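Since chain A is already given, all that's left is putting chain B on it; use the hints.
Listed here are the chains, written in short residue letters.
2 protein chains.
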Amino acid sequence: MIRVSVLYPGGEGKTFDHGYYVHKHMALVKEWLGSLGLRRLEVDKGVAGGAPGAPAPYTAVGHLYLDSVADFQSAMKPHGKELFADVPNFTNIQPQVQISEIIA
Amino acid sequence: MIRVSVLYPGGEGKTFDHGYYVHKHMALVKEWLGSLGLRRLEVDKGVAGGAPGAPAPYTAVGHLYLDSVADFQSAMKPHGKELFADVPNFTNIQPQVQISEIIA
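Protein sequences appear in the order of chains A and B. Per this note's numbering: the first sequence = residues 1 to 104. Per this note's numbering: the second sequence = residues 1 to 104.
So that you can see chain A by itself, here it is in the shape it has in the complex (with noise of 0.2 Å):
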């Protein structure tokens, strides 16, 4: 199982609608991956870094589980560029992607 983690770093001036991502971008991912090896989907509001007082280092994360890369690649093609698109109706941080193997 292969988790693809969107990271939505924080920081002054940065702006972010949970509402909207949950709700509305979120749907879209199901939607439009869900027949395509999308497993489940799950996301994070960032609450605390790890020292006392720390802020989230990430003010959101979106978490998509898949059997495999190529799996998440080939549902990417053909809706990779939308997903990104819709980006700046809910924040205007640009997001990093980290692909991982669960392997415990």
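Given that identical chains are not distinguished, each listed pair holds provided it fits within a single copy or across any two copies.
20 Å max Cα-Cα, derived SDA-like pairs, lysine to any residue:
hint : residue 1 : residue 2
1    : Lys30     : Tyr65
2    : Lys24     : Glu101
3    : Lys45     : Val97
4    : Lys81     : Gly49
5    : Lys81     : Gly50
6    : Lys77     : Tyr65
7    : Lys24     : Glu42
8    : Lys45     : His25
9    : Lys45     : Arg3
10   : Lys24     : Ser35
11   : Lys30     : Lys45
12   : Lys45     : Leu28
13   : Lys45     : Gln96
14   : Lys45     : Tyr65
15   : Lys77     : Pro95
16   : Lys24     : Ile103
17   : Lys45     : Phe90
18   : Lys77     : Ala27
19   : Lys77     : Gly49
20   : Lys45     : Ile103
21   : Lys77     : Ala51
22   : Lys14     : Asn92
23   : Lys24     : Ala104
24   : Lys30     : Ile103
Simulated from the structure, these hints should not be mistaken for laboratory data. Since we're looking at a predicted model, the values are computed, not measured.
Same frame as chain A, now just chain B:
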């Protein structure tokens, strides 16, 4: 439910022993936090970034799941120092910690 993600950024000169991390470090986490509110844990091994050919931003990520931030803080009080003291046994990377509420 909260997710505590411990993120190990990759980069030149960075080393990480995934075997030690999974079989020893995470075994300690389970042993010490299992009776203190830890619901489950997962380990990610970074395989790629978002752009074609891009490396994973993080070499490894450990995810701990608990009911609340308060549970995490009270679980870490007796064991946090020892857990962080084990980090140099498997990596020269300074980890980042992200505490998130799983909202969807």
